[in-house]
Every structure is written in structure tokens, then in C-alpha cells.
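Protein sequences appear in the order of chains F and E.
Using my numbering, the first residue of the first sequence is number 702, and each one after it goes up by one.
Using my numbering, the first residue of the second sequence is number 244, and each one after it goes up by one.
Hints in this document: simulated from the structure, not taken from any laboratory.
Where is the CB? At the ideal position from N, CA and C, for every residue including glycine.
Label pairs and their calculated CB-CB ranges:
1. F:L730 <-> E:E509: 27 to 37 angstroms
2. E:S400 <-> F:R750: 19 to 29 angstroms
3. E:G265 <-> F:L805: 27 to 37 angstroms
4. F:L1077 <-> E:A315: 53 to 63 angstroms
5. F:V848 <-> E:Y289: 15 to 25 angstroms
6. F:P705 <-> E:E509: 28 to 38 angstroms
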Amino acid sequence: MTEPIPTPVKPPFWNNPQTRAIAFQVIALVVTVAFGWSIFENTQANLRRLGIASGFDFLSSPAGFDIIQTLIPYSPTSSYGRVFWVGLLNTLLVSALGVVLATLLGFVIGIARLSKNWLISRLALVYIETFRNIPLLLQIFFWYFAVLRAVPAPRQSLSLGDVIFLNIRGLYLPAPQFQPSFGWVIAAFGGAVAASWLLVRWARSRQLATGQQFPALSVSLALLFGLPLATFWLAGSPLEWQIPKLGGFNFQGGWVVIPEMASLLLALTIYTAAFIAEIVRAGIQAVSHGQTEASFSLGLNSGMTLRLIILPQALRVIIPPLTNQYLNLTKNSSLAAAIGYPDLVSAFAGTTLNQTGQAIECIAITMTVYLTISLLISLAMNQYNRRVALVER
Amino acid sequence: MAETHIPHPILPPPSNSVGVLGWLRRNLFSSPLNIALTLLALYLLYTLIPPLLRWALLDATWTGDNREACSAHSGACWVFIRVHFEQFLYGFYPDDQRWRVNLAAILLVLGAAPLFIRAVPDRTKIRLGLSLLIGYPIIAFVLFKGGRLGLSAVDTSSWGGLLLTLVIAGVGMIAALPLGILLALGRRSQMPAIQTLCVTFIEFWRGVPLITVLFMSSVMLPLFLPAGMNFDKLLRALIGVTLFQAAYMAEVVRGGLQAIPKGQFEAAAALGLGYWKTMALIVLPQALKLVIPGIVNTFIALFKDTSLVLIIGLFDLMNIVHNATTNPEWLGFSTEGYVFTATVYWLFCFGMSRYSQNLEKRLHTGHKR
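Construct all of the structure, not just a fragment, from the sequences and the given hints.
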């Protein structure tokens, strides 16, 4: 006689992982929706109580205040919508300049950190450890209140070769004045870009087909610099510099960098460069020394090793965190509000919000802008990552 | 005749490749480029260091109690810091109640000291650490806020200076870590609804600057709450800072979770462990250990970010120093103020990063190459 095989006992339904998963998700969604709904209800009630009309109509009413730096025409009679664009452009301007300058400084310091020269590498270390451990806001305040607010008045301006002037009103730079025939120089540059692009393509396909190399880099560099310069000379130097002149109580002419912008840019550059330097160092160190040795044993010289072997691998490590730093820099530029540089947060989420009382709309628009910038950069980043990612078998 | 071969004695290495001279040759003067760089660096140091030393130490004023004392010297006026020092530490905390802050600080030092002593067994350390993590905030809150146990109440609006900075940073750290872990687990979850919620939450907070979050918590949060219910300004800032840092923490922890091999999950399942036991006993201890540097980096970022509460009018260390520099009686000493503040922030951040490196080395139980 054999024992009958017991039929398996079905576990109770609440122990079934699938049932549980569905239950958890339903609970989570219900809680989220209820939370959102109660916030919505409260906000509606509060707005009614405070007598605030919600909506975006305020964007077309006149702003009535002036802005110290505008990239597009703006006057106090312009609308709040115009204020938004002025602020956004100011944010983008300081971020773009900051990204370029911080990358340059960061790469220099990152490479200095790896230098065989003990003194240079120590100096780079001191720079990195000092600036990344001090809050950015403090650095902005230092440059603004302790340095740029302490420089002399216009009449006693500090000057560099009598063309660049620094005083309490800002930094005065000579402005280029383009004559009409300068268009030829730009056209020549465009032609040189197109020509060198074709040249590089031709050189590459010829190398693939025949193995013969062509010095495409040096020839295209010569094209890029030589052609515009030659045109510049032939067209009779159609460029003059307008040097700022002291007239009355202030300088006239030239380009002005307002102190708010200068200190924000300085602080953003110095702070972010410290982080970029560490990223660059880590990226270069991540490429093992065996790669260099293998490349030498294949007969590549040190320049080609750097260009073809080390950099492509180091960039794979460097680019993702580097993009992160660019994003951080863009978001950090919102600290402009603390010193009154008219960026998006300061001009729109600050002044406009205070004047109109449209808190929800202003903050929502501002946050959406930053979210959009972040998501766009993340998307581009993921695209790039997919392209360079290590393909494993 | 057999000749015995007597080898020459081994020559010492050339004198210019050993000792100080050798080191200098190798590290500073190995090539023309390096020589140029070394000279440039030396010139840079020569132009920077002596004036800096003269300003900060030699020509500085250390004694006195008003600004006239500083007019005799050309260097820094540290009297400014000395006069305001108490204010920088406690903000507007009432003079006769400051012992409570000091007591809390002493308690923290005494309680945390065993964590830094090697001889204390790890098990005790973990227990002590966890009870500190849960118990200390309560004790500190009662001490600071008062209104209970016969302590007079001190409104949060008079908390300030380094005290407020540490309160915000401490609460942010203690609250952001567990929240971040939960978010990271949610993001890695198999359930689509939970995953979407967590991803949306994380990406939203990571995509906006902290300053707009603080703006939001100060102007929008009151609108979100039912009429009559109002939060303290400090609490609103704390909520903003915590949610913001939790999103960053979640991404750090996710990095650690992704690095744990699948075999660990399968082994835990084979042993009959459920989801929470697998996570708490097998996965998280390994994952968190892997991401200690990332966690500490987030803490350092949080510590620096506390300075942003200045925007919504809280008097943390940064704001109270800034406020003192705009005092008409003490105009013109902003450099001293900022240098002092920078030093304080630097000490905390640098200390944290050093401690994390130390911890990383000690917790490294795998094989070292």
C-alpha cells in the first residue's frame, strides 16, 4: 500500500505575491491621488479666501520695474511675460559662460593634479580641497560683497593697459565694432568650415581604401585660421575696438559686465572647476597603464596614443559626471537671487511673484523651465552614453 | 696559480639620485617643462603667501572690543569675529538659556565618542549608533525648544548661527537617508505603479534647484495646507531640504543596489527569506557599504546647501555673519566675516570627507589587490 500523494495546500490568497503586488500598488495610487486631491482642494479654498485669481493672465500686464541687465529690449512698461524671457536669457547666458570657463579651468587643474611635478600637483590638490568644501553661496557673497563692492568709484578705476577698467559699477571691456565688409570674413570662415569638413571626410575614406594618410588636421586648421585672416586683411581690416571712455560720472561705450554677473560667474566657475578637476583626474586614472603600453608596442607614438587610445576611453568615464556638473552649474546659477543678478529665479520667481502674488504660477513656470533643461540634458546624455557604452559579449 | 676573483664593492647610487637632491630632481626638475612649471609655481606662491600671511596673522588685530582697535593695523580685524562670536554660534538664542545648547553638544560628543574608539566592539557600536540616531534628536529637540520639563520655551525663530546650520544639516541627514533608501528600493521594484511614482518623485526633485524648492516651501506650502493650519518657518525649510536631498540619496543608493550581483538575491530567496528580510539582511548591508563615499558626498552637499536658507530669511551661520557685516558699526569687515565662515564650513566638510575615507578603508572586508 502506498500513501496517497497529498494534494498541495493552496496558500491563502493574501500570501500570493501577485495579489500582494496589485494590492500594494492600488494602495499607493489611492494614497497619492487622495494626497494630491486634498492639496488641490486646500489650495482652491485658500486662494478663494485670499482673493487671488489663479491663471496666467498676469503675464500680459505691465511689469513696471526696471532690470539691470537685459539681452532683449525691455522697459518698465514691458509685460511680465517679457520679464520671464529676460530672466531666462540671463540664466542661460551665465550658465553657458560658466560651463565653458569651468570646463577649461577644470581640465587644466585636473591635468595639473596628475602632473609628475610634485609642487604643481599639490597646488592643484589645495585648490580642489579648498573650493569644493566651501558653500557656493559664500563664494558668491565673497566675490560680490568683499571684492567687487570694495573696488574704487569710476574716477579712480583700476585699469589694465587703459583698455579694460574695473570699478564699482562693473567691468568695462572694449567692444568690437563690425564694419559692413566684416560679413566677408564670416563668409570666409563658413567656407573654411565646410572645406575642412569635406577634407576630413575625403582623407578618412582614402585612408580606409588605400591606407595612405593625409595630414587632415593641420591642413584644416590652416584653412580655418588662414582663410578668415587673409579675407580680413584683403577687406581692409573691417573691425575697430570701441574703448570705454570716462565721461561725466561713469564710463561710456564698450562692453559692461555688471558686478552681479561678474561675481556670479567667478564663483560658479571656480566652484564647479574644482569638481570637474576631480572628474578629469578620475577619468584619466581609470584607463589602465596597460593600454598605454599596448599602444606603444603597436608602434603608435605618444600623441596618437593620447588621441586614439587614452582619450576615447577616459571620455567614456568623464562625460556622464561632467554633464551632471553642467546641470548643477545651471541649477546653481539660481543663487543669483541672493545678490540680485536678474536671472529667472530672481526676476520672475522673486520680483514678479512679490508684485503679483501669483505664487503657484510663478514657481510652477520656474520649476518647469529647470525641469525641461534637466530632462533635455539627461536625454542627450543617455543618447551619448548608449553610443559610447562598452559593448560586451 | 689559482686566482680568486674579488668583486668590486658595490658603488653607491649617484649622489644626485638619492636623498633630498634626488627627490628634487625627480619631482620638480625632471624636464625643461617641469623646471618652468616649478619656477612658475614658486613665483605664484611667492606673490600669494607672504601678503596673505601678513594680512591674516602678522598685521592682524586680535585684541580689543570695538572697531577703533583695528585702525592701528593694516591687516585683518579679527576683533570683528571675537565680538560677534557668541552670536555666530547661537544666533538670537537667549543668553541665559545657552547652557542648553552647550549641554546638547556635550551629550552628542559623549554619546558619539565610543563610535570613534577602535577597542569598542562593532556590535555595541551599531546598537549605540542606532539608539543615538533615534534618541538624540528627541533629546536635542526638547532641550532646544523647551516648554517641557520646566525649561522655558524658546521659539525656533531665535535659533540661529552655527546651531541652526547644524540642526538643519543634522535633521536633513537623519531623515534623508531612510527616505532615500525607500525611494531607491521603490525605483528598483517590479511593481510598475510604485516604480513610476518613485521615478517621478526622484526626477522632479533632482531637476529643480534647491532655491526654488525653498521658495516653494515658504510661499506655496501655506497654500497647500487647510486654512488655520500653519507650519513653523524652520519646519518648512526642513521639509524642503529633506525631500530634496532624499532624491539625491535615492540615486546614490540605487547605484549600490545595482552593483549587488543577482546571485545574492537568488541565494536569499533559496534560504526562504522574504523581500524585506532579503533587503535588510543581505542586500542593503552590502549595497550601503559600497556607496559610503556617495552618501558622504551627499551629506557634504547638504551641509553646504544649508547656507541657502538665507534666501527665505532664516539666520543660519551664513546669514548671521552676513547680517553682522552689514551692521553700520562694523562696515568694511566682510572679508574677515566670510573668511571665518568659510573656515567653519571647510572644517566640517573636509572632516566629513576624511572620516568617510577612513570608514571606507576599515569596512573594506573584501580582498585587496
